[in-house]
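J.: Top line first, the protein sequences correspond to chains A and B. So the first sequence is numbered by the working numbering: it starts at 30 and just counts up by one. So the second sequence is numbered by the working numbering: it starts at 483 and just counts up by one.
Because the hints were derived from the structure by calculation, they are not lab data.
Calculated pairs, DSS-like style, for lysine-lysine (alpha carbon to alpha carbon, straight line, at most 27 Å):
no., chain 1, residue 1, chain 2, residue 2
1, B, K527, A, K36
2, B, K527, B, K507
3, B, K527, A, K33
4, B, K517, A, K36
5, A, K178, B, K527
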Amino acid sequence: MEIKVVKNILEANEMIASQNEELFAQKRVFVVNMMGSPGAGKTTVMERTIEHMKDRHRIAVIEGDIASSRDAERIAALTIPTVQINTGGACHLDSTMVREGYKSLESNLIDLLIVENVGNLVCPAEFRIGEDVKVMITSVTEGDDKPLKYPLMFQVSSLLLLNKIDLLPYLDFDMERFRSDAFKVNPRLEVMATSCKTGDGLDNWFRWLVEGVGKKRER
Amino acid sequence: MHEFAIAQGLLKIVECEALPYAGAKVLRIKLRVGKMSGVMPDALKFAFEVISQGGVAMDACLEIEEIPLRVRCHHCGGIFAVDVPFMICSHCQSTDVEMISGRELEIESMEIEDGNQGS
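So here's chain A without its partners, still in its complex pose:
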């Protein structure tokens, strides 16, 4: 006999993600899910962000890696509440992991929670964790063909930080082609060119974040 089911296979993750969303809404925490390849510059961007913003905003971080606490140690050195999640092999963070991680942070008053996802241009795009926005970081050293090769990541993100632009003079990176392909894959994707080395473009990123934090507080 046939049983009609009609269910999303990822419903378990979706349910916890929605619960996380409600919790973050109650606490008025603006949550950024930061994704990108290993080495794109996620942790360094976060360091610059925290250095710039921590005096006026209460920031906390959830670090996701397969192994090692290296990234969490870097962030914790900036004396903000930090939790390291080691997935032990899972290629992305899911909403349950984030819920568990947040338990160690929730006694703090937080305006901005940055979740640094596992370095991976594929899987994190498929799993909601209860974030307000998905931000992806890709660096010019990775090549200009990424929008076509990893379309889902580009489609689910609201903002792309194109990082390490200080290295452009040494690379054959076709900026026009990259921007054009990214636009075709997601016409609503905002692209900001950045360099953590020179500081170029980071002010735009900080402003974008401050705006997000402000809007979340007003809700």
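Let chain A serve as the given structure and place chain B on it in line with the hints.
T.: Frame of chain A, contents of chain B only:
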């Protein structure tokens, strides 16, 4: 890449739906998997075969309907299937488009052995 995690989610739903039918074997499971879901059907079948061993779904056949990427243009109203994931209307070139299919990861239905009703 993480088809095992997805197969686990699938197995949980299947075993839950089969529970009222006390021990009935699951014969077939129909899935709808979108081309942009990030899931590879063959990998999912393999993963499911491995993790369902010893349970009611161990011999279940996974039938996977691959759903194409379709977009609706809010400008001209056209609906198009696209191969390349460009969010641009192929008719009027508007970027005011919405993806209406292609990211599904659903269990549509399942077939169980007859004769085991209720518990």
